[in-house]
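Chain A is fixed; fit chain B onto it per the hints.
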Amino acid sequence: MSALRLTLISRPPARVDLSPLTAQPLAGRSAAEIAALPLVLGNRRVRLDELFRVTGTPGEALEIAGSDDRLDRIGAGLAGGSIVVEGDAGAYLGQRMTGGSITVSGHAGAFAATGMKGGEIRVAGNAGDFLAAAIPGDHQGMQGGLVLVGGNAGDRAGDRMRRGALLVTGSAGDYCASRMVAGTIAVGGRVGRSTGMAMRRGTVLLLTPPAGLPPTFNACGRFPLTMLALLARAWRGLPGPFGALPAAGLTVRRFMGDLANDGKGEVLVRE
Amino acid sequence: MPAGHAMILNGVAIDDEFAEAFGMKATRVIITAQDLTWAYHAATTATGFATSVIACGCEAGVERELSPDETPDGRPGVAILLFAMSGKELAKQIERRVGQCILTCPTTAAYAGVAGGEPVALGKNLRFFGDGFQASKQVAGRRYWRVPVMDGEFLVEESTGVVPAVGGGNFLVLAETQPQALAACEAAITAMRLVPNVIMPFPGGVVRSGSKVGSRYTALSASTNDAFCPTIRGITRSQLSPEIGAVMEIVIDGLAADDVSAAMRAGIEAIVRLGATRGIRRITAGNYGGKLGKFHFRLREILAR
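Protein sequences, first through last, are from chains A and B.
Under my numbering, the first residue of the first sequence carries the number 1, and numbering increases by one thereafter.
Under my numbering, the first residue of the second sequence carries the number 1, and numbering increases by one thereafter.
Some hints here could point you the wrong way.
[Stated by the list, open to error] Result set (DSS-like, lysine-lysine): computed pairs, CA atoms no more than 25 Å apart in a straight line: (1) B:K88 x B:K124; (2) A:K117 x B:K124; (3) A:K264 x B:K124.
[What the hints assert, rightly or not] Listing some non-contacts, in silico: residues in chain B with all C-beta distances to chain A over 10 Å: (4) D15; (5) I54; (6) T190; (7) D226; (8) C229; (9) G293; (10) H296; (11) R298.
Don't read these hints as lab results, they were simulated from the structure.
It should be emphasised that the depicted structure is a prediction, and the values quoted were computed from it without experimental measurement.
Glycine is no exception: its CB is placed at the ideal position from the N, C-alpha and C atoms.
Bound-form chain B, shown alone:
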C-alpha cells in the first residue's frame, strides 16, 4: 500500500509506522519436573522480574509447555527464553536465575534448549553447590551435572547455547476504553503465545507504561510516553484523537526477526478480528526514528504478507 493511504482493517486503522528493535543475545532453558505444576513454579520464578533490560538485567518469559516426549528426561516441562544485551550479561543472569529459582525448586531439572551457539554455563558453576559431592555424567555427547540436594538430585546440563536474537518488537493498541484495550491485548497475547521462539516479557504480555527516551529529570534515561497518555492529552503534544481512552503496548522478543514478525502479525490479526465495534480504533508502533535499532518491523508490510 503506498505511503499516505489509509489501511483500515475491520474498522481498525493501521498506522504507517514501524517498530524499532535491537540485536540481543538469547538462550532457551528447558525445565522439567515431577509434574507441570512444579515446572511452572520454577519457570515463573526464573523469569520473574525480567520485563526489561533497563533495570532487570534480562528479559525473560515462558515460551511454551513441553509434553513428556519433548523433554530430555521424559517428564513434563516448560521452555523459557532469556534475552540480554550481551552474552556476558546473559551468562550472569542465567547463573543467578537457575541457581536461585530452578535449583531451589523441588523435583526440577534444567537442560539446554538451544542447539549450537556460543556455550555459556548452565550448571557448570552451579555444580559447586554440591560441595564436592557433585558428579558429572556424559550422555550422548552432552555433559550433565548431578548435584545432591535434599529431595534427591538436581540434574543440570553443563552449558547452554547463546545465539543472536531480536528484542523490542512492539505495537500499540489504541482503544476507546481501558477494558477494551486490555481485552484486545489479551486476545493478541493468546494468539501470540502459539508462535514459537518468542516471548512477551511484560506482565501478562502487556505494557501500560510505554516510555520515551529521556526525561526532564536528568537522572532518568526514560520517562512516560506522554504523547500516548490520554489523561494529559490537553497539555502535551498528544498523538491521540479524542475518541481514544486507553493505550496499551505489547513488546516481543524473538530468536529471529521472522519470529518477531510472525508474532506481531498473529497479535495484530487477533485484535483486528475484534474490530472497531469492540472499541479498537488504531494500531501503531514505537520507534526512535529508525536510528537506534537494527531491526525495523513495518506494521503494514507485516500484515500484507
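Isolated chain A, as found in the complex:
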C-alpha cells in the first residue's frame, strides 16, 4: 500500500502543530493541495512544504520521516488509518484519537495519548510525563484503546485514566495511576513514588515489585486471578514482557486502595 510520506527537511526553529494532518482526510487531495496545507510553526503559519518534502500518495497511511521532538500533536484526533513516525514525536501524540494506529520509532514527548478513546499507539522509546493522562481542565485521561511504550514513562502516567490499557515495558515515574478512575496500567520495571495516589478504581499490574506503595493501600493476599489470563490473551504477541505473559494467568499479590478515595483500585504485583 502506498503512503503519503513527509520527510522533515530540517529541525524546525520552533514547535510545529501537526494536528491539521489528521483533522480532515488527506485522501483524494492532490500533492499540491497537501503541500499548501497551513501549519502553525511557533507563532506564525507556514506552508507544509516549507518544513517537509512531500512524496507518495495520500490515503490511509501517513509516514513522517526524520521526525523531531518539536513536532507536536502528531495523530491528534486520528480516527482511522495508520501513522508511522520515524524518529521522535513531540507533545500530545495521539491526543483524543479514536481509532487507527500510531507507531513511533523514537521517543514521545509529554501528554501522549491524553484523552485517547480508541486505536493503538506504540512508542519504541520513552514517553514523557502525563502519558495517557488528563490535560489540565479535562476530567478524564485515556478512555480507551491501547498504548504500548517500549521504554520508560515519565511522571503521572495514567493520571485520571478511565478505560483502556497502558503498557510500559520499562519503568514509570512518580504518581503513576494517580487519580485513576478505571482501566488497566501495566509496568514492567520499577514505579516511582506514590503509585496509585487518589486512585478510585482500575488495575495497576507491576511485573517488578515496587519499592513501596502509599500507606492508604492495604494488602489483600496472594491470588491467581482468572482475569489476568484474559489480559494475557488479549496482549499475546505484543513486543516485550506483556506479550509473553503466561496464558494460564499470573499469581499476584493484591493491594487495594487508595483508601482515602473509595479504595476500590488495585495494584497487582507479580510474584
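Frame of chain A; chain B shown alone:
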C-alpha cells in the same frame, strides 16, 4: 423415494413421517473451572431440570467439552446451550441458572458463547451480588465483571448473545424390547453428541414418556402418547405392530435447522447400523399435523442426503 414406498435400512423401517419443530431463542454459555470436574459440576447443575419448556422454563444441556486452548481464560471448560420460547424467558432462566449454579460453584467463570445476536444479561445483574465490591474490566472490547466470592473472584462476562434457534426436532425408536430400544438410543446419543450446536435435553438424551397434545383431564394440556404405549395397545388406537415391545424418543434442540437435521441423521444412522438383528424394527417421528411448528424434518429426506 416416492411416497407409499417402503424405506428399509438394515432391516429397520423408516416411516414416511416428519418431525415438527418450533422456533426458539437460544444462547451458549462457556463455563470454565480449575479442572473439568468442577466445570461439569457447574454445567450439569445449570442445565438440570431443563428437559422441556412446558414446565422447566427452558431446555438446556451440555453441548461439549472445551480444551484449555478453546476457552477465554485457558482453563478446561464446558459449553452449555439454553433454549426458551422467548428471549425474555431465556434471559430470566440464564440469570437464575448462572446465579444459582455457576456463581455458587467453586473456581468457575462464565463467558458468552455466542458471537452477535441480541445481548442479554449474563453477569450484568449478578454483579450486584458483590455488594459494591464488584469491579468491571474491559478486555478486547468485551466487558467482564469480577465479583468477590469466598474462594476468590467469580469472573463473568456482562452479556451473552441470544439467537434464533430450533427446538423440538425428534424421532422415535421402536424396538422389540425395552433393553434393545434403550441400547439403540444410547448408540444414537453417542453419535449425536459429536454434532455441534445441538443438545438432547432429556435425561441421558432419551424420552420414554412421549406426549400428545391434550388430555381427557381438562387441566392438562398434554398427556401420554397412548398410540405408542405398548402395554395398552389392545385398548387404544395403537400405532404399534405386535412385535414392538418398547418405544423411546430422542428430542433435539439446535441453533439452526441444519444442525438439527445433522443430529437426527447421525442418530438414526447409528441406530440403523445396529439393525433389525438387534431388535430395532422401525423409526418414526412426532408431529402435530404440520400446522403448529415452523420446521419440518422429514426422516427419509434427511437420510437420503
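Problem set entry | Violations among the numbered hints | none
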